[in-house]
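Novice: What follows is the residue order along each chain.
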Amino acid sequence: MAEGKTITLNMGPHHPATHGVLRVEVELDGEIIVKATPYIGYLHRGIEKLAESKNYQQAIPLSDRLDYASASANNMGYCTAVEKLMGIEVPKRAQYLRVIMAELARIMGHHLWIGTHALDIGAMTVIFYAFRDREMIMDINEEIAGYRLTPTFFRIGGVAADTTPDFIKKVREFVKWFPKALQGYHTLLTENKIWTTRTMGIGPISAKDAINAGLTGPSLRGSGVAYDIRKAFPYSSYDDFDFKIPVGEKGDVYDRYLVRMEEFAQSIKIIDQAIENLPEGPVAIDSPWITNPDLVSVQTDISELARRFVLHTKGPVGPDKEVYHAVEGAKGELGFYLVGDGTEHPFRMKVRSPCFYLASALPRLLVGHMIADAIAIIGSIDVVLGEIDR
Amino acid sequence: MVSATIDNREISVPEGTTILEAAQKAGIDIPTLCHHKRLPPIGSCNMCIVEINGNTKPVNSCNSPVEEGMKVATDTKALHEQRVVNLKKILKHHALDCPICDKAGECDLQDVVYRLGVTDAPFEPRENPRIAEYSTSLIRYWPERCILCQRCVTACNAIKGIGAIDIKSDGDDGQIVVVDADKCKSCGECLFVCPTGALTENLSRYKGRPWLENRVETTCTYCGCGCQLQLKVMDNRVIGVTTDVDRGVNQGSLCVKGRFGYEFIGDENRLTTPLIKENGEFREASWDEALDLTAQKFSSIKEESGPDSIAGLTSAKCTNEENYLFQKFMRAVIGTNNVDHCARL
Ligand code: SF4
Ligand code: SF4
Ligand code: SF4
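Top line first, the protein sequences correspond to chains A and B. Per this note's numbering, numbering through the first sequence is continuous, rising by one, with the last residue being 399. Per this note's numbering, numbering through the second sequence is continuous, rising by one, with the last residue being 358.
Just so you know, these hints were derived from the structure itself, not from any lab. Each residue gets a CB set at the ideal place from its N, CA and C atoms; glycine is no exception. Do not take every clue at face value.
As the list claims (entries may be wrong) - Here are the simulated SDA-like pairs of lysine to any residue, each with C-alpha atoms no more than 20 Å apart in a straight line:
1) K93(A) x T300(A)
2) K63(A) x G118(B)
3) K323(A) x P223(B)
4) K323(A) x I113(B)
5) K63(A) x I113(B)
6) K105(B) x P297(A)
To be verified - With the C-beta cut set under 8 Å, the calculated list includes, among others, these residues of chain B facing chain A:
7) H107
8) L109
9) G118
10) L122
11) Q123
12) V126
13) G130
14) V131
15) T132
16) P135
17) F136
18) E137
19) P138
20) W224
So that you can see chain A by itself, here it is in the shape it has in the complex:
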């Protein structure tokens, strides 16, 4: 190739290593990336717009479909935002159950990340173990919510159902089993020469740059910034639990890897505390404006019957007010900006998607690296396009 001449290459939108329909246009000088531009929008389903025509309860399944790899964590974000809008305090038992579901979802999301990230770099074995363990969480989801990937277990004001004995049993089994499995992942990767060579010193970002780029979640913590919304602005009783925020130092692919590996362990610690100290009590608030009257009382009481009808045909009414509320999703700060207009629908819902900022940081992460490292870097920021495109 002539001196100074570059070629342009499309990675994606159907590239297995772009983790969904992300297209990155890279300009190469030989094997070195001199310019990288991410293109998004291939998975746009109009989720924000759809939420404007659904009532507050109906929009919950939409939130599952943002970062579908960790659906319950999005439920947490959406429901707590609506509850902030409506001024609802969720019962303690529901808060704990939500924490269990959200942390399981975080682990599920990290399973998908570790499996595909390692696969991309050539370590094929990991994904089989990761998916074996992810299956256990899917079973837990199925047990309590009926759905495996997108359980939609949260409701405005609480959760959909109380625990079953099998649910408790399965969660305990998983809590007991998973640390051993995690040790297995470490054995496969952490000191693996190929793995460390492919990841150490690749795609580093300084703490300052990471903050400026709006990075949050494990990708920010990999650069040494101990910012986690569960600690910084605790919601849903997170301040009841003892857990640590793992951070990295160099902000490279390897540090981001270590952070997430430790998050697996911390999440298990939280789930363990929540399931063992699960408070007694109701799993949803009892409010005539939100709670669905049960099918027994509607047969003898017109007020219950009429309210059930209104809640089903129209939905719970929200106030004329706006709120922003963020939670720590599996990928970072997942925020919901809701503008209520006194009806059953939000006037506007804006999702602050952590993955959007992660993908926007790709140009500065990729430039200067070899094309083969692009695969490692994209894997290390762990984007899910369902959340970017919405």
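Position chain B with the ligands relative to chain A; hints supplied.
Specialist: What follows is chain B with the ligands alone, placed relative to chain A:
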């Protein structure tokens, strides 16, 4: 103009404005059941109660005018509790009919129950059940759903000036009774204003639910008044007609034809092509063929017996422009003054 404060908001309204109207203008939504924009104040439901100058004895805002310097509170705890008590009185014998009630989903009563967050209103059957009788066979009266708001009676009297129905009260209870069924014009004014499913339309009963129907805005085709109405459409079939008090010259009113005469739209016996009679039998034909034949017959009749042997009768369903063209055609093309109009349908 008089000035006052409602819920700490300064307002200034023309003399004679009711507190309810003034509040609505200021964007304060007081719950109501019997109040209707088209009707004079009734004051039967006691939902719109407010406190004036801190006086704990509440008054109905729908029929109390704003007075200079008045301080009105519309949403205190005491008012809320009183409203719930009043509403529970209304709900006491109310049938548990929502699942089969045509109004469910757009029922004012349901909405007020939700809005006030009423709980614990167990159904008690009436000792002497009310009688389901109505002045017209097009409307069905469901007495156990009736909340005695009197909108229907007021509409029949105040909008129509007919008085075919009345309220028979009986202590705390009562019901709607027919005064003179012969006077009833089946206009459906009472049906339109009824806030609940106590009056439902007989033809469209059980055919759709408000949240499943498509509402298509249109103009009535029966006469040249041009009343605005909405067709309720389900599965591509018209299953009913409704109106909106804010739309059109009719302000929600319709006559018997506009409100109930919609079944022809989907009738199987409707003609879909022109028919030509040959040897005593009709056969289907194309428009070209039918128009050619008509033109040819007109010409030959005119030739044989003169233009005055032909007469034209047009329809009130046509617009003015169409009727103008029709008489022009009769006079200028056929050459006759024999033009008439059905004048009514
Ligand atoms: S009138 Fe309203 S509250 Fe009564 S049965 Fe019908 S829908 Fe239900
Ligand atoms: S249909 Fe018309 S005339 Fe008959 S009772 Fe109702 S409002 Fe009166
Ligand atoms: S029939 Fe309808 S409008 Fe008439 S009093 Fe009963 S609820 Fe009110």
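Novice: All hints, please: hold or fail.
Specialist: A quick look at each hint next to the structure:
1. For the given pair, K93(A) sits about 16 Å from T300(A) by alpha-carbon distance, which is consistent with the 20 Å threshold.
2. For the hint pairing K63(A) with G118(B), the CA-to-CA distance comes to about 16 Å; that is within 20 Å, so the pair holds.
3. Only pairs whose Cα atoms come within 20 Å are accepted, and K323(A) paired with P223(B) is accepted, the gap being roughly 11 Å.
4. Of the pairs offered as hints, the one joining K323(A) and I113(B) holds, with about 17 Å between alpha carbons and a cut-off of 20 Å not exceeded.
5. Among the hinted pairs, K63(A) with I113(B) is inconsistent with the structure: their alpha-carbon atoms are about 25 Å apart, more than 20 Å.
6. At roughly 18 Å between alpha-carbon atoms, K105(B) and P297(A) fall within 20 Å of each other, so this suggested pair holds.
7. For H107(B), the shortest C-beta to C-beta distance to chain A is roughly 5 Å, which falls under 8 Å, so the interface hint holds.
8. A distance limit of 8 Å between C-beta atoms decides the matter here; for L109(B) the minimum to chain A is near 6 Å, and the interface restraint holds.
9. Because the smallest distance between the Cβ of G118(B) and any Cβ of chain A comes to about 4 Å, under 8 Å, the interface hint for this residue holds.
10. Among the interface hints, the one on L122(B) holds; its C-beta lies about 7 Å from the nearest C-beta in chain A, closer than the 8 Å criterion.
11. With its C-beta approaching chain A no nearer than about 4 Å, Q123(B) sits inside the 8 Å limit, and its interface hint holds.
12. With a least beta-carbon distance of about 4 Å to chain A, the hint placing V126(B) at the interface is held under the 8 Å criterion.
13. For G130(B), the interface hint holds, the least distance from its beta-carbon to any beta-carbon of chain A being 3 Å, beneath 8 Å.
14. Hint status for V131(B) relative to chain A: holds, with the closest Cβ pair at about 4 Å, below 8 Å.
15. At its closest, the beta carbon of T132(B) sits 5 Å from a beta carbon of chain A; the interface hint therefore holds under the 8 Å criterion.
16. Evaluation of the P135(B) hint against chain A yields a held restraint, the C-beta minimum of about 5 Å falling below 8 Å.
17. Contact between F136(B) and chain A, as hinted, is supported at the beta carbon level, the nearest pair being about 6 Å apart and thus within 8 Å.
18. A distance limit of 8 Å between C-beta atoms decides the matter here; for E137(B) the minimum to chain A is near 10 Å, and the interface restraint is violated.
19. The interface hint given for P138(B) is violated, since its Cβ lies 11 Å from the closest Cβ of chain A, which is over the 8 Å cut-off.
20. The closest approach between the C-beta of W224(B) and any C-beta of chain A is roughly 5 Å, which is under the 8 Å cut-off, so the hint is satisfied.
In summary, the numbered hints that this structure violates are 5, 18, 19.
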